[in-house]
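J.: Chain residues, written in single-letter form:
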Amino acid sequence: MLDAALLNRIGRLRLVARHIRAGQMQGERRSTKRGTSVEFADYRDYARGDDLRRVDWNIYARLERPFVKLFEDEEDLAVHLLLDGSSSMDWGGDGEARGHGDTETRGSDDGEVRRKGSSKWEYARRMAAALGYIALASGDRLSVAMLQCPMPNAQCSMSTLKLRGKGQTLRLFDWLSGLQAAGTTDLNASLRAYALAGGRAGLVLLISDLFSPTGCTEGLTALAARGHETVVLHLLTPDEVDPPLSGDLRLVDVETGEPQDVTVDGGVRALYRRRLEAWQDELRAICRTRNARYLPVTTDAPLDRLVLHDLRRSGVVRG
Amino acid sequence: MAPGFLNPLALLFAALSIPILILYMLRLRRREVPVSSTLLWRRLLRDREANAPWQRLRSNLLLLLQLLILALLTLALARPFLPSRSVVSGSAVILLDGSASMQATDVSPSRFEAARRAARQIVAGLGAGEEGTVILAGPRPTVLASAVTDHAVLRRALDEAVPSTGPADWADAFALAAAALAGNPHAQAVVISDGALPPDLPALPGETRFVRVGERSDNLALVALAVREGAAGPQAFVRVTNSGDATAQTSVELWTDGALFDVRTLTIPAHGSAGLSVDDLPYTLQVLEARLSGSDPLPLDDTAWAVRSPAAARRVLLVTPGNLFLERAVGMLPGVELTRLAPGQPLPDTPYDLLVHDGPLTTTLPSGNLWLIGAYGAGPTTVFTATALARAASDDPLLRYVDWSNVHVLRAWEVEPPPGARVLVEAEGGPLLFVAERPEGRLAVLTFDLHDSDLPLQVAFPILVANLTGWLLPPGGVSETALHPGDPLSLQPQPEAVRLVVTAPDGSAYPLPVGQAAPTFVATERLGVYRVEQFASDGSLLRRDPFAVNLFDAAESDIAPRDVIHVGQAEVRPASPGREGRQETWPWLAAAALGVMGVEWWAFHRGMGRRGGTR
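So the sequence lines, in the order shown, correspond to chains S and D. So for the first sequence, my numbering puts the first residue at 1; every next one is plus one. So for the second sequence, my numbering puts the first residue at 1001; every next one is plus one.
Because the hints were derived from the structure by calculation, they are not lab data. Using N, Cα and C, we set each Cβ at its ideal position, and we do this for glycine too. Hints are not guaranteed to be accurate.
Stated by the list, open to error - Incomplete in silico selection of chain S near chain D, CB under 7 Å:
id, residue
1, Asp42
2, Tyr43
3, Arg48
4, Leu52
5, Val55
6, Ser88
7, Trp91
8, Leu249
9, Arg250
10, Leu251
11, Val252
12, Gln260
13, Asp261
14, Tyr272
15, Leu276
16, Glu277
Said to hold, decoys possible - Here are a few chain S residues that sit away from chain D, every Cβ distance over 10 Å (derived from the structure):
id, residue
17, Gly92
18, Lys120
19, Arg200
20, Asp281
The task is simple: from the sequences and hints, build the whole structure.
T.: Shown next as structure tokens:
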């Protein structure tokens, strides 16, 4: 799923939550616990009951008073990796929306230049694999879930996987490669269901194209209310950013099957791009007020560059 | 008559709009394209429709334009018409006056153009299936279009018609019209003219209509210009007519070989003429040109030319047993060097231009120009005495001013004229005088002995002798030096000439064959001075002979439009366009359809360009 070189390079990274520190706790406070790691934090006076092994004997020898060395406790982070499993994610790339390949007629009459880039679903899974690997490698608790929740108010049964430790990497990869995007997904319902399902508040990484008829505002609100800190990775293919369409068309939504008649010309295409930018601005604003970060990603960006450069610059990963 | 359609069945073509609509719907069955999500498109279209409610209409613009084109073409095919006024109803035989007077410019741009316009209107008024015939009445009337229903062909025929510089032969034109009317008994003849028609035209079947063109009658015309050898050099005679209603004054310019020689003022009474003579013209004069100053409606007759042929001494050999009248008459002719021989004497070696043989032939006929008088050959000859005048070709130039009516002949020999001969005077018993062109020369024959008639005592005799010798002794290379437009001119090339070229006044050259005896030049339509040039085999110019073509037609120069023409017994007055005609409007519709097609093409490509522009 990911090549070894990339794994090597991203294995040193760790995911960063800006506000969440303690494992089970939701806190605005600075890290309270002193732990057992090797990172020195402070000294304090010895108190009765303290572990004698922590007394700094060198200090005691010099000052003749016992001091206890304090170390940073290494808290694990709950990382929730949410993958939009709607069929709109199964789009684009050289494979041309597997499952729709036979009816694919995207080549327009004036000879379309095919865009390079992998399928959105493939790209999403690789991105999930990379981010999951980072989480596992840095010892975080990882929950991976594929969001497939067709009805707005139905009970969502989503497949989730909980993993911990670098040793689980292969399991993660196997599980991811077994996933298949299909059907419709109501993002709001899915996110709400995930928030209600509990789990430690932590860092939620949502990989989705956000093509949900009802939007994702309520879902993000629910996540924020649960204490999660969300990173929305808004994944689009280049086709979706600048559709190579022209003429009198009937656009068929692969997810809902709904047709939409449209006559595409240069003006309409420009309008589409403006409309997309407005939508992204709108999403960014929604995220800002819901303790979330918004990151637009297109599938023509190389994955290593995305993880090592873009995500690092936006502060999602560090290291 | 109300507006309507000539071909209403064509309106059924409107049904073609159904396939167009179907095709349009088929075309609009949109190509299905799967996309990952229509979410953005939906929002986009909501914005767009809110912003521009006319967008939906714009997409149908092409359909509307196409339907409009179809509507226009269907209407054009149905041939709608508006009622118009025309002088004829039904098929028409148009007699277009192409005589010289139609070149008068009293109506702008000319009478002929006005006549052409009137003819076009008549053509435009012809309905479906109604035939039009166009006859151009010039010196040689021609049928430009015969029983044609296609307006385009008729219009083209009218466009090709050009007026001539001569008088119209109306009798021939009416004969052609009668033939055309015989083919279509419902047709009407329309004479488009200024009315200068002869009064004795035959009646035409059906009613004849007359469309008059021309307004003014004031025209000064040179009707005669001649050069004569006077005692003190060449003399010129000029005659000018005035067809206007007022006395006119003009100045006559005389140009000798291109240089202005004299200007004389002349006062011409209304409907009259005035003449003047000019003496002391230069001895070297070759071409005299007379011009009337000022402008009048008909410029054709304001210039005239005369060619002087300085008479070289012509050698005439007279073989006669003794004929005082003949000797005197021939010897008196200017420029003639007469040699007299008695019959039986051998012919002299020196060349001569004309042999006049009086009396019975004793030798075989020599070649060259011959005038035989009372001659009969060695064979059996009979004599007839029925010499009462049967016919005299008084319109022949050779009998000009020759009054034969008082000539009495006792007896004459029966002589069979050779083929192609022109019999000038015929008695009941046989020809008295005939002329013929032979390859070896010209021939004139009087079939009686002058002593057997009182002809030598008549005034006609010296005139006849002058005419005949003048014809038998052609001045140089051309038989005549003054012609009317369209007159044929027979040329007499010298034996050594291998090339013969006639140069017209406009500079165009007409090479003529020299193999035959007397080549004839017929392209004398233009007025002016022509030049006949003969070249030897080494290319050198043998001689150059000018001749002039002048209108010199008082009837044509009298441009007054007539109020009535006589056709048969009927008097025909100018017709007013009161009859019902039909003005077809399909060309406008077709042009509109073409325009809309252009707009549609532009709209289509503009749409394409916008689509591809952002690529």
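J.: Could you run down the list of hints and mark each one as holding or not?
T.: A quick look at each hint next to the structure:
no.: 1; hint: Asp42; in the structure: 54 Å, violated
no.: 2; hint: Tyr43; in the structure: 59 Å, violated
no.: 3; hint: Arg48; in the structure: 66 Å, violated
no.: 4; hint: Leu52; in the structure: 64 Å, violated
no.: 5; hint: Val55; in the structure: 63 Å, violated
no.: 6; hint: Ser88; in the structure: 4 Å, holds
no.: 7; hint: Trp91; in the structure: 4 Å, holds
no.: 8; hint: Leu249; in the structure: 5 Å, holds
no.: 9; hint: Arg250; in the structure: 4 Å, holds
no.: 10; hint: Leu251; in the structure: 5 Å, holds
no.: 11; hint: Val252; in the structure: 5 Å, holds
no.: 12; hint: Gln260; in the structure: 4 Å, holds
no.: 13; hint: Asp261; in the structure: 6 Å, holds
no.: 14; hint: Tyr272; in the structure: 6 Å, holds
no.: 15; hint: Leu276; in the structure: 6 Å, holds
no.: 16; hint: Glu277; in the structure: 11 Å, violated
no.: 17; hint: Gly92; in the structure: 7 Å, violated
no.: 18; hint: Lys120; in the structure: 7 Å, violated
no.: 19; hint: Arg200; in the structure: 33 Å, holds
no.: 20; hint: Asp281; in the structure: 13 Å, holds
Of the numbered hints listed earlier, those contradicted by the structure are 1, 2, 3, 4, 5, 16, 17, 18.
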